[in-house]
Amino acid sequence: MRFAFKTSYAQDLGLFRDRVQRNAYIALFLALLVLPRLVPEYLGDLSLVFIYGLCGVSLMVLAGYTGLVSLGHSAFLGIGAYAHVYFAQDLGVPWVVAVALAAAVTAAAGVLVGLPALRMTGVYLTIATLAFALIIQEVFTRWDRVTGGLKGKPVQKAVVFGLPLGHEVGFYFLCLAFLIAGLWLTSNLLRSPTGRAWVAIRDSEVAAQSMGVNLAVYKTMAFAYSAGLMGVAGALFAHKIGFLAPDIFSVLLSIQFLLMVAVGGLGSLHGAVYGAVFVAMLPVVISQARDAVPVWLGQVFAVFGREAGRAVFSLVDRFVKQPGLEPGIFGLILVLFILFEPLGVYGRWRKITLFFSTFPLYKHATFKRQKSYMRSERLR
Amino acid sequence: MTFFEAERLAINFGGIRALDGVSFRVDPGQVFTIIGPNGAGKTTIFNLVSRIYDPSDGRLTFCGEDITRVSPHEIPRRGIARTFQNIELFEHATVLQNVLLGRHAHRRSRFVEELLFLPRVRVLEIEHREAAEKVIDFLDLQRYRDSLIVNLPYGVRKVVEMARALCAEPKLLLLDEPSSGLSVEETEDMAFWIQDIRTLLGITVLMVEHDMSLVSAVSDRVLALNYGRPIALGTAREVQDHPDVIKAYLGG
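Protein chains in written order, with this note's numbering: chain C, 1 to 380; chain U, 1 to 252.
These are computed hints drawn from the structure, not numbers from a lab. Hints are supplied without guarantee of correctness; some may be wrong.
Said to hold, decoys possible - If the Cβ cut is set under 10 Å, some of the chain U residues that face chain C in the computed set are:
(1) C63
(2) E65
(3) I67
(4) S71
(5) P72
(6) L101
(7) H104
(8) R107
(9) F111
(10) E133
(11) I149
(12) L200
Since this is a predicted model, take the numbers as computed values, not measurements. Yeah, the Cβ is synthetic: ideal placement off N, Cα and C, and Gly gets one too.
Construct the entire structure; sequences and hints are all you get.
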């Protein structure tokens, strides 16, 4: 078992637990630097993982740390995307400034949603943000002059500081840089008083208040920060998909973000990134499995004769090619995670590492605790 | 200057008058205890002092200042910290993180500084940590420092909650039933701690308590309530022997 021997308070303030962990992250970073050479055909998917990672961090701050579950994050993503494209293309603002402006506009939208949302808790807040998402989608449809309405709006390639990042590799590194920056800023907040106040609000509002946390200010701050991050993610997302249309930013996208933080593990930044990998890569895996599984099963059943093999192939093939399979699988996974691993992928990862680090002494009961989705729900 | 005074406190919940004309005064350095049967309005007084409820009538004065209309998050900044009867800790955080939140009233860093984790934030964080460690040391919580609250037994949680309140460096500490759910030994420890808090840290304590052995061990003044009205005020002995108090507890 590995012990972190602590000799100063500053050690607890570091970004990494100890040198081993820091080296692990450096190794991961180096791996991400050479990845474009190793798997050039998946570059697009990897950029999407990074963008979704940013979205995951954004929602994790709000849902995982502050305990405010939002279904309005697709709208924030949309606002960020449209604002960025409007500033960069229609007004000709430099790219970096356009991203900053998009983040500012989205953060302002976050404050607007956050203020009335202060009076609501739990599921009522979620419903209010859901309404917000629907309203904003309608605004995207109707406000032709800025958004291009239902005809949509083509997005040009990103040009950062005169450097065209149209090619996949450049965009990959751009997204990676933004994700790392987002993670760094967020973990800075989480290790300082603001982050502690957020966690306090999540676990007990009344106690947070009587320790001096101004609920209105900190909840609004969480909304604004979360929305601002989403705005930046939106700007990248716009370049990623290359064409903006209102129906992209539907409530289903919000649900996907929520799936991301729930599957990753609520209350950890690791979880946000794991969830992003999961949600962004699952469609890739499903589409490959769609082609591979029927053929594979057909070959297995061909042992019972060529007819049986062909029958199984066509049966399975017809089943997996049905529309709506993907959301079905997403939903199934979410349900399974909530039932069997409420701590998410990150929780499972911690269990596995703990098992090996304490090897013969691992206690199954270490992680046994009452199953609760969010404590603030029970308080009311 | 009055240290802490409640004058004619009253509150209605719908048609129920939960408190009716409760007045008392706490002098600096005292341990002041409120006792009374269930539903007498003891915790309601606490919730009024920490401004979770608005009083229908009456006035609260602290250090010569009227705090009847101060917002709840301002109360710890004035120097009042509290614990809760049914422990309100942040369950999915460590003991250290909980105790550090007690320092929130002393937060001096700004959002942007924290976002970039500037050197000033680091210095302030270490200051907070030192203050928190003093309290951890005082209440003997060193070995629980990094454990999550959910994994701790009830007795320890009770102490952690007191540590969190102490970390705010209050002038007045409100303890809501510090001994409820504790074993006999833990209750004895609690009595020693309350005495130490008063004598070593110089903090005035306002407490709600049922355990009469603890009450008589530590309190200077005791106020007995029944149905939201004060029935006796004096030393522990005097109040215990007061005929109205005996009647309130035993009926008759």
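Hint check results:
{"no.": "1", "hint": "C63", "result": "violated, 17 Å"}
{"no.": "2", "hint": "E65", "result": "violated, 17 Å"}
{"no.": "3", "hint": "I67", "result": "violated, 13 Å"}
{"no.": "4", "hint": "S71", "result": "holds, 8 Å"}
{"no.": "5", "hint": "P72", "result": "holds, 5 Å"}
{"no.": "6", "hint": "L101", "result": "holds, 5 Å"}
{"no.": "7", "hint": "H104", "result": "holds, 5 Å"}
{"no.": "8", "hint": "R107", "result": "holds, 4 Å"}
{"no.": "9", "hint": "F111", "result": "holds, 6 Å"}
{"no.": "10", "hint": "E133", "result": "holds, 8 Å"}
{"no.": "11", "hint": "I149", "result": "holds, 9 Å"}
{"no.": "12", "hint": "L200", "result": "violated, 22 Å"}
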